[in-house]
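Protein chains: 2
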Amino acid sequence: MPLTVTRFAPENMPTAELAKALTDPRPASYKFEYFDLSSVGSVPRDILALGGADWENLPINWPAEIKAPFGVFPVLHITTASGVELKLAESFVIEHYLAKKFGLFGDNEWEEQLIKMFHSSSVYLRERLAMRVTWNFKDKMDESFETFMTKALPVWIETHSKHLKDNGSNGHYVGDKLSLADLQTANDIDHFACLYKGDKIIEAIKNCPEIWRVKEEVDKEPRLQAWRQSKGYKKHVALSQTMYANTGIKIAGSTQIL
Amino acid sequence: MPLTVTRFAPENMPTAELAKALTDPRPASYKFEYFDLSSVGSVPRDILALGGADWENLPINWPAEIKAPFGVFPVLHITTASGVELKLAESFVIEHYLAKKFGLFGDNEWEEQLIKMFHSSSVYLRERLAMRVTWNFKDKMDESFETFMTKALPVWIETHSKHLKDNGSNGHYVGDKLSLADLQTANDIDHFACLYKGDKIIEAIKNCPEIWRVKEEVDKEPRLQAWRQSKGYKKHVALSQTMYANTGIKIAGSTQIL
Chain X
1 MPLTVTRFAP ENMPTAELAK ALTDPRPASY KFEYFDLSSV GSVPRDILAL GGADWENLPI
61 NWPAEIKAPF GVFPVLHITT ASGVELKLAE SFVIEHYLAK KFGLFGDNEW EEQLIKMFHS
121 SSVYLRERLA MRVTWNFKDK MDESFETFMT KALPVWIETH SKHLKDNGSN GHYVGDKLSL
181 ADLQTANDID HFACLYKGDK IIEAIKNCPE IWRVKEEVDK EPRLQAWRQS KGYKKHVALS
241 QTMYANTGIK IAGSTQIL
Chain F
1 MPLTVTRFAP ENMPTAELAK ALTDPRPASY KFEYFDLSSV GSVPRDILAL GGADWENLPI
61 NWPAEIKAPF GVFPVLHITT ASGVELKLAE SFVIEHYLAK KFGLFGDNEW EEQLIKMFHS
121 SSVYLRERLA MRVTWNFKDK MDESFETFMT KALPVWIETH SKHLKDNGSN GHYVGDKLSL
181 ADLQTANDID HFACLYKGDK IIEAIKNCPE IWRVKEEVDK EPRLQAWRQS KGYKKHVALS
241 QTMYANTGIK IAGSTQIL
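Residue numbers (this note's numbering), protein chains in the order written: chain X, 1 to 258; chain F, 1 to 258.
You may find that some hints are simply not true.
[To be verified] Just the calculated beta-carbon pair ranges, DEER-fashion:
| hint | chain 1 | residue 1 | chain 2 | residue 2 | range |
| --- | --- | --- | --- | --- | --- |
| 1 | X | K200 | F | D199 | 21 to 29 Å |
| 2 | X | P10 | F | Q225 | 35 to 43 Å |
| 3 | X | G83 | F | A81 | 20 to 28 Å |
| 4 | X | A81 | F | K138 | 48 to 56 Å |
| 5 | F | N170 | X | M13 | 16 to 24 Å |
| 6 | X | F102 | F | S169 | 36 to 44 Å |
| 7 | X | E65 | F | K200 | 42 to 50 Å |
| 8 | X | N207 | F | E216 | 47 to 55 Å |
| 9 | X | K177 | F | M13 | 46 to 54 Å |
| 10 | X | E127 | F | E143 | 29 to 37 Å |
| 11 | F | E143 | X | Q241 | 23 to 31 Å |
| 12 | F | Q229 | X | A81 | 47 to 55 Å |
| 13 | X | A81 | F | N170 | 48 to 56 Å |
| 14 | F | D219 | X | E127 | 24 to 32 Å |
No lab work stands behind these hints: they were computed from the structure.
Backbone N, C-alpha and C define an ideal beta-carbon position, used for all residues, glycine too.
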């Protein structure tokens, strides 16, 4: 497909000026470019909704035309208060940036490191499932699924459950408030529910009350409840359900597309 | 295998105190716990070597006993100047932390975002290859390899080449000095060289002079040259060559082990 490699920032503007625009304390506005799916893009959207940001979804014109810095999505378009247009690519970078901006990184440097670690561990659980099962060869999906259920998932459940207990089983990974880590785990669970044999994954996680409580606490947030009642969010979930539960397997077929 | 879920920090120490210990400007000492391989662990080791840190490798007692916060490696053990023992897990977290500590994150907030984006894009290239080819089912490796060579790799080469040209084709992603992004790309290349059909990957990357120059610039660093002459580094490379080029395929066999 035709690829246009776009720039991250306006040409010829010194990075010191770009840094000044990026760290401008006045509110910026955002466009979040991703597929109409509730998977990889779901955490950045939750942060923007939670933060009460001025933001909108920007659909991808795929596969007709790919215009992005790395040829992949999501891409976060930022228009700073001073009018500078910046792009951030790569989920980790976007999620860390938004978490910092909207106060989801805890109260100090150590809490920030803890939150980043729990977030990364849950991102990789979803990535492992996507790479090994969801987008693997059709004739290997069942065996890969069994490996996931008997190896990666139990280790994730055991370790996360232990750390959540150490924090008082209060539905939060760090301290007593919502963070990027909580959002990631809750969104993992919502994504798993859309997947091939997702009910078995959900059943295993539900057996761990500490982890399930994280999802329940996230679900209580009034701004997230409002976003989840929106047409946009409902469209993402509906398309995810169709895509991952049915078409996903057919797409993967006997060849890998990713 | 028996798993002990370890804590990230001493029990009952408030996070504000842990944050103070972590951000202590006096030098800390480090133990880096990972397999004797030059793959996932290679970038943190390079940063510690480049930064002239007080550090050592800590081998993993695998599979006899797994003791780690998430049951996976690498884990970075930090003994702060004030004597507090902390652990960081997850590659992204360890690499960002060390890059910030040892001045490999550019000169300002925007350069830091750029470096994080290039780093993430190169991490994912290596991860994709690992998940889809190196550790996939043996009977799917060749087809997966072709998909990698015709899809993921050309997009990475085209986009990275464009951004490196925009920065003046000087062998650095950002500005005119070494960063975490440069280290990641150079280490990707060194890792690919150990892999099944790695010569074909190297050939494709060598055809792009902007990317190859990044590796050449990294290879010029005196402290990295010294580390790469050490017994420890040579052992990692030798074991990687055996493991990935021969045993790796046999290990994967007809079942997935990861």
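Right, here's what the structure says about each hint:
1. Judged by the Cβ atoms, the range 21 to 29 Å given for K200 (chain X) and D199 (chain F) is violated: they are separated by roughly 42 Å.
2. In this structure the supplied range 35 to 43 Å holds for P10 (chain X) paired with Q225 (chain F), their Cβ-Cβ distance being about 38 Å.
3. A beta carbon spacing of about 44 Å between G83 (chain X) and A81 (chain F) contradicts the range 20 to 28 Å that was offered as a hint.
4. Range check, A81 (chain X) to K138 (chain F): Cβ separation about 55 Å, and the 48 to 56 Å hint holds.
5. A C-beta distance of roughly 19 Å is found between N170 (chain F) and M13 (chain X), which places it inside the suggested range of 16 to 24 Å.
6. For F102 (chain X) and S169 (chain F), the Cβ-Cβ distance of about 37 Å falls inside the hinted range of 36 to 44 Å, so the restraint holds.
7. Range check, E65 (chain X) to K200 (chain F): Cβ separation about 30 Å, and the 42 to 50 Å hint is violated.
8. Between N207 (chain X) and E216 (chain F) the CB atoms are about 53 Å apart, so this pair conforms to the stated range of 47 to 55 Å.
9. The supplied range of 46 to 54 Å is broken by K177 (chain X) and M13 (chain F), whose beta-carbon atoms lie about 20 Å from each other.
10. Distance hint check for E127 (chain X) and E143 (chain F): the Cβ-Cβ separation is about 21 Å, which falls outside the suggested range of 29 to 37 Å.
11. One distance hint, 23 to 31 Å for the beta-carbon pair E143 (chain F) and Q241 (chain X), holds here, with the actual separation near 29 Å.
12. Roughly 51 Å separates the CB atoms of Q229 (chain F) and A81 (chain X), a value that falls within the hinted 47 to 55 Å.
13. Distance hint check: the CB atoms of A81 (chain X) and N170 (chain F) are about 33 Å apart, inconsistent with the given range 48 to 56 Å.
14. Our hint of 24 to 32 Å for D219 (chain F) and E127 (chain X) holds, since their Cβ atoms are close to 30 Å apart.
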